[in-house]
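Order-wise, the sequence lines are chains Z and E. Taking my numbering, the leading residue of the first sequence gets 62, the next gets one more, and so forth. Taking my numbering, the leading residue of the second sequence gets 171, the next gets one more, and so forth.
It should be emphasised that the hints constitute simulated quantities derived from the structure, not laboratory data. Keep in mind the model is a prediction, meaning the values are calculated, not measured. Misleading hints may appear alongside valid ones.
What the hints assert, rightly or not - If we take Cβ atoms under 10 angstroms as the criterion, some of the chain Z residues that face chain E in the derived model are:
id, residue
1, A111
2, A134
3, G275
What the hints assert, rightly or not - For each label pair, taking beta carbons as the anchor points, the in silico distance ranges come out as:
id, chain 1, residue 1, chain 2, residue 2, range
4, Z, G298, E, E209, 58 to 66 angstroms
5, Z, L120, E, K177, 16 to 24 angstroms
6, E, N234, Z, N69, 41 to 49 angstroms
Just so it is clear, CB atoms sit at the ideal spot from N, CA and C, and this is done for glycine as well.
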Amino acid sequence: MMFETIENWALHAYADDELTDAEKLDVERILQRDPEARQSLERIQRQKTALRNAYDAVLDETPPARLLAATNARPNSLLGLAAWRNVAAAGLVALVVGAGAGWFAHQTGGAMAETLADKAANTYKVYATDESHAVEITDSEQLEHFLAKRIGATFSIPDLTPQGYSLVGGRLLNEGERAAGLIIYEDANKQRLAIYLAANPEENETGMTVKEKGNLVTCFWAEKDLVYALAGQQKRGDMLILAAAAHVGFDKDG
Amino acid sequence: MSTAFQKDLLAELPHLRRFARALTGDSALADDLVQDCVERALKKQHLYDASRPLRAWLYAILRNNHVSQWRRASHFGVMTNIDDMRGEEPVQEPEQEQGLSLALISEALDRLPLQQREVLVMVSLEEMSYREVAELIGVPIGTVMSRLSRARSSLHAILEERGTPVLRVVK
């Protein structure tokens, strides 16, 4: 860019390092032959230095205690515990849906998981499709108490109403010679969801795994002293959201 | 336990305090602004785009809050404590080049219109680029440049009027 005479803005831009190398050369050429421009530039530069000299001491001050405290405030005290729970729950759903094959393929637990998926699929086929005699106990609290006692583990019956599913009820099943449980839900269109759970005596944990067979989708995982498997004819994505919600819901302390 | 975000925030406190001090000209008001900025930043940290500089994001929060406070204050009329106006005589340190006292500079800045003062502070003190300033305050770059040029001329005139030889070209 060529300057016939130096413009005020060009001096500011030069002092503030806003020009390209070519533009800088142009300004410098004009500065050489224009003493007034040199004076103007020097005024701008001296003013910048004066400002920095006056305020730089603030950078070396220790910030007052109230600012340090505000910066270190616990997030919970700002957002509220309830809000954080929601964020965490939403985050889990996003993780499950978004993580893709990598996360699900992780630690499938081999044969145990395969058996579990089949078991969940079979109980779905036998019990969940039975319209009137699918369950023995319909009351959530009673079911929780009964299954916990027979399986020998503590857990909550997940509330899936936010996902559009209400509890139909549950029943006792067998896992070899041990007790296992089945919990059945259904949505407004009578679309059913079965959750199979049994003791996990070795307490070997696995990540969540998804399996599709025909129009039946199963999601299963093992955590602490229980193994869980969801089975239903929902879409894969819907199933993942239900599995994530159930995972949170089973946690007695959550 | 502080999060990584809180650690980054802590590191920005000195710059936030300098920026706020130059904007307001008052150390208590400045720290109020910084505290408010920190609290808002923690509440809104999910809105922070980590690919962009944290400082620019914080400056935008602080500056926007300053502008809205300033609008409220000017609606009611600015109140100045008369005791604060005396007793802070500018101290000249002739042997120190460009060593204008903070009180003198601060008083001069205070006489500039806010629109000019904030642009001057962002460019001359905080060394933000014209583009960054334009994005932060939401005006074209040309407007930033004309405000800057006017601010520098006015500040120079105010300090000249106070007889401060430091800003003259003396060789």
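Consistency of the hints with the structure:
{"no.": "1", "hint": "A111", "in the structure": "holds, 5 angstroms"}
{"no.": "2", "hint": "A134", "in the structure": "holds, 6 angstroms"}
{"no.": "3", "hint": "G275", "in the structure": "violated, 41 angstroms"}
{"no.": "4", "hint": "Z:G298 <-> E:E209: 58 to 66 angstroms", "in the structure": "violated, 38 angstroms"}
{"no.": "5", "hint": "Z:L120 <-> E:K177: 16 to 24 angstroms", "in the structure": "holds, 18 angstroms"}
{"no.": "6", "hint": "E:N234 <-> Z:N69: 41 to 49 angstroms", "in the structure": "violated, 29 angstroms"}
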